[in-house]
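**Student:** Construct all of the structure, not just a fragment, from the sequences and the given hints.
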Amino acid sequence: MKKRKLIGIISIAMLLMFSISGCNAKKEKNGREDIETKKYAGKKILFVNSYHKGFEWSDGITKGLMEGLSNKNIELKIHYMDTKRNNEEKYQKQAALDAKKIIEKWNPDIVITSDDNAFKYLVMPYYKDADIPIVFCGLNWDASVYGAPYRNTAGMVEISLVIPLINHLKTYTKGNRIGMIVDDCLSSRKWVENVKKILKISFTKEYFVKTLEEWENTFIKLQDEVDILLLVGNAAINDWKNEEAERFVLNNVQKPTGSTYDWMAPYTLITIETIAEEQGEYAAETALKILDGTLPSDIPLKENKKGRLILNLKIAEKLDVVFLPSLLKNAEIIE
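Residue numbers (our numbering): 874 to 1208.
One thing to keep in mind: the hints can contain errors.
To be verified - Calculated cross-link-like contacts (lysine-lysine; reagent style DSS-like; alpha-carbon spacing at most 27 Å): (1) LYS1202 <-> LYS1094; (2) LYS912 <-> LYS1162; (3) LYS936 <-> LYS1047; (4) LYS978 <-> LYS950; (5) LYS912 <-> LYS945; (6) LYS912 <-> LYS966; (7) LYS1187 <-> LYS1162; (8) LYS1083 <-> LYS966; (9) LYS1094 <-> LYS1073.
Treat the hints as calculated values from the structure; they're not laboratory data.
**Tutor:** Here it is as structure tokens:
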């Protein structure tokens, strides 16, 4: 009995010790949060998104950014330029001027931009080497085409995982002819240009389309023209219908298809996507560094590193493709 009592006393003492330790850890955490809350109080960040709310890539970047800035007592304003659905240059220039007016009126401490159009039409003509710090993300492949980085910028360049995607697709075909269907907009055209220039990949066929009907007709045509088909986005196709496109692909696919965007996974055999949230997380982290006193010019340019593998078993069945168990184990599956 005495032994049991002693054990009981020791156990209670240990519980009290852990409880006190937990309370102290909680106090320390709360203390750190209070310090950060006070440190950033009154700070304002404007996020200029090149595209629109509801576009998965934009939403992913926004999610990563908001999570990175949560509990920091920073006022965040988000402005969508909507230049994916409206890709005429006149509209894009006006959208940039609208964003510029917000900057001038609201006077943020930092401006964060995502994707090419915000940088090309807003940052480059109006804020190159300006006093206001700019953090950019989602800039496709090469910032130097805009003369960046500037004295007042820090950023992450988006590199697509095209080579590992093509290597996977080659496993399921005998030929080497590669084709693509591209939604016709600035970022997608830049994607194609840089895949060819930087990765030295040659394409047998490449088609730029603006409507779902054009996309479907091109898809059928390419079944006879190539051995591997890359689907480069659909956001600039304003009449796109997900269910119709998915039914169409399942009825007509004859060659392995691939994409580097997760929203194209329902229409592709294999998707190896970049992670949009990584771009937003980087932008938040970098903005905080600048608010803490680091100069943008002292922050090195970065490239994205994270990727996600998605395998579509519906299309695999249509193509009589059997994935290796090791591949299935490390992938997200569409059934």
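**Student:** Compare the structure with each hint and give your call.
**Tutor:** We went through each hint and held it up to the structure:
no. : hint                : in the structure
1   : LYS1202 <-> LYS1094 : 34 Å, violated
2   : LYS912 <-> LYS1162  : 12 Å, holds
3   : LYS936 <-> LYS1047  : 41 Å, violated
4   : LYS978 <-> LYS950   : 12 Å, holds
5   : LYS912 <-> LYS945   : 8 Å, holds
6   : LYS912 <-> LYS966   : 36 Å, violated
7   : LYS1187 <-> LYS1162 : 45 Å, violated
8   : LYS1083 <-> LYS966  : 21 Å, holds
9   : LYS1094 <-> LYS1073 : 25 Å, holds
Going through the hint list in order, the structure does not satisfy hints 1, 3, 6 and 7.
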